[in-house]
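Asker: Each chain is listed here by its residues.
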Amino acid sequence: MLLTLYLIAITAEAMTGALSAGRRGMDWFGVVLIACVTALGGGSMRDVLLGHYPLTWVKHPEYLVLTSVAALVTIFIAPLMRRLRSLFLVLDALGLVAFTLIGTMTALELGHDYLVASISGMITGVFGGILRDILCNDIPLVFRRELYASVSFASAWCFLGCTYLELVPIQALSITLFGGFLLRLLAIRFHWEMPKFVYDDR
Amino acid sequence: MLLTLYLIAITAEAMTGALSAGRRGMDWFGVVLIACVTALGGGSMRDVLLGHYPLTWVKHPEYLVLTSVAALVTIFIAPLMRRLRSLFLVLDALGLVAFTLIGTMTALELGHDYLVASISGMITGVFGGILRDILCNDIPLVFRRELYASVSFASAWCFLGCTYLELVPIQALSITLFGGFLLRLLAIRFHWEMPKFVYDDR
Amino acid sequence: MLLTLYLIAITAEAMTGALSAGRRGMDWFGVVLIACVTALGGGSMRDVLLGHYPLTWVKHPEYLVLTSVAALVTIFIAPLMRRLRSLFLVLDALGLVAFTLIGTMTALELGHDYLVASISGMITGVFGGILRDILCNDIPLVFRRELYASVSFASAWCFLGCTYLELVPIQALSITLFGGFLLRLLAIRFHWEMPKFVYDDR
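Residue numbers (full-length UniProt numbering), protein chains in the order written: chain W, 1 to 202; chain S, 1 to 202; chain R, 1 to 202.
Simulated from the structure, these hints should not be mistaken for lab results. Hints are not guaranteed to be accurate.
[As the list claims (entries may be wrong)] Result set (EDC-like, lysine to aspartate or glutamate): computed pairs, CA atoms no more than 16 Å apart in a straight line:
id, chain 1, residue 1, chain 2, residue 2
1, R, Lys59, S, Asp113
2, W, Lys59, R, Asp113
3, W, Lys196, W, Glu146
[Said to hold, decoys possible] Pulled from the structure, derived: some chain W residues nowhere near chain S, Cβ distances all over 12 Å:
id, residue
4, Leu3
5, His60
6, Leu66
7, Ser68
8, Ser86
9, Leu185
10, Arg189
[Unchecked claim] Stretch by stretch, here's where chain R covers chain S in the computed footprint (C-beta under 8 Å, at least three residues):
id, stretch
11, 47 to 55
12, 109 to 122
13, 128 to 137
We put the CB at the ideal spot given by N, CA and C, even for glycine.
Make the full structure from the sequences, and use the hints.
Answerer: Here is the structure:
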């Protein structure tokens, strides 16, 4: 089940990456690269920071093919994208929670403690989007819109709580997926935001 | 002594990171993340480039807690910050030299030669600030104001010189800390700058 | 032969990096750092992603000296640079193909398959320039001008094709170098570009 979610997630993230590249008028090669970085960058960052080799896309190069194809498809169906916006937000929410779960579990399997595991989950969840925004020369959106990194953080701790309570893995996964997904959708619907810190020293 | 300095340094760097994030109006989560990257990013970059695992914050997750708390405290005492500016410059100067020393010693312990050790020290000293500026979408300040990277480089070579002369570690540390700290403060006071290279090909 | 090409390539790339830093009015330290990142960043990125330690410049710190000297020389001969522009485009084209070949061969030697090897070649070829543009706060140029990343990709697959056909290494190298170099020069001469994806959702 998690693998299916992962494949949906990298496809959806690749498509948001391709749209970002399109907003900057990049060529097709750039579109494919930004799509791959958005979809696989969070996991790669986690693996590099934890020294967990080989990286996912080195072990499974077919994921690179999947994200590249998703990027090229996005180019052709771009005019449809406006109408699919809500579908995207849903897929992206699913992806965020799925990425976070995978990152959290990876760190636990490597024997790290809960705090590091939650950071690992959050890096996996949000860093693809951060790298996308850096490459497109934007201020990372992650920290400026509705609850996003916080949903990732909350999902990681929800899963860790379930693990601590020794729930069966499938239960822990389902509860976290449902809870994190719902939290993200509610945040979008009601524009829940973290308080902002505005500092002006001039 | 170096550990105490290190803790002061990551706290001070976390606070400068939080202020940068505040200038961009990020939410609290973004503030905490930028603070952690500023404080721990230089050391992480060094460890990833040298293949030195586990990273500091993976081994000591309590440092993440310290930098996060420092970031949140910064949010609440921000109005005070203007008056504390000189204190900050002093702490930041101490931190720069302490980070550089730690980076240099880490590379020596791993068996690298002097040139690589000095680069390792400089990466540890200045890369946190560079990553902060990239995430906040600024041109890294490090290369545009008073001697900063150069102080780091000079400190690394001062320590390596002391090591070469076979001074006792505590002497080498003290001389470098004092010398580097003084050099940085003098550079701020008298606006010492590296010459700039301005190239316009249009 | 490849080593000679590599040395020419890192020198040429260091000089383009130094010019970029000069356009942003950075100080000499910044110029040297941007030059080193431009010349050695692609290979470092590849080695970190593949877990291939030690990195090139850790093993051969003399390359850092070479790129630093190239950067400093650039500062002094900058007024000449305008007239040398075509020489630079030629050296840069050679460097792109040489970097790509080295990256592709490194991945093959580590036992990776053709797809990962071609990605490894492309990362080595183009990431130095991408990092340069990120540090200088530009949108990476790589994806907005004449065929560049595509030349790298095509060169990688040309070499892999020769390897598959079991040509002698020297033949595979020569064919790829000549082909990739010619393709890049033709692309510059006739302004061949990848189609662009322009998406505007406002």
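Asker: Now look at each hint and say whether the structure bears it out.
Answerer: So, going through the hints one by one against the coordinates:
Proposed proximity of Lys59 (chain R) and Asp113 (chain S) is supported: the alpha carbons are some 10 Å apart, at most 16 Å. The hinted pair formed by Lys59 (chain W) and Asp113 (chain R) meets the criterion: a straight-line CA distance of about 10 Å does not exceed 16 Å. The hinted pair formed by Lys196 (chain W) and Glu146 (chain W) meets the criterion: a straight-line CA distance of about 11 Å does not exceed 16 Å. With a minimum CB-CB distance of about 26 Å to chain S, Leu3 (chain W) clears the 12 Å threshold, and the non-interface call stands.
The claim that His60 (chain W) lies off the interface holds: its Cβ sits roughly 22 Å from the closest Cβ of chain S, which is beyond the 12 Å cut-off. No beta-carbon of chain S comes within 12 Å of the beta-carbon of Leu66 (chain W); the shortest separation is about 27 Å. Against chain S, the non-interface label of Ser68 (chain W) holds: every CB pair exceeds 12 Å, the least being about 26 Å. The beta carbon of Ser86 (chain W) sits about 24 Å from the closest Cβ of chain S, which is more than 12 Å, so the claim that it is off the interface holds.
Distance check for Leu185 (chain W) against chain S: the nearest CB is about 19 Å away, which clears 12 Å, and the non-interface claim stands. Against the 12 Å criterion, Arg189 (chain W) stays outside the reach of chain S, whose nearest CB is about 18 Å from its own CB. Under the rule that three or more residues need a Cβ within less than 8 Å of chain R, the assignment of the stretch 47 to 55 of chain S holds, with 4 such residues. Counting residues of the stretch 109 to 122 of chain S whose beta-carbon sits less than 8 Å from any beta-carbon of chain R gives 5, enough to reach three: the coverage restraint holds.
Beta-carbon proximity to chain R at under 8 Å applies to 3 residues in the stretch 128 to 137 of chain S; the threshold of 3 is reached and the given coverage holds.
Hint compliance for this structure: no hint is broken.
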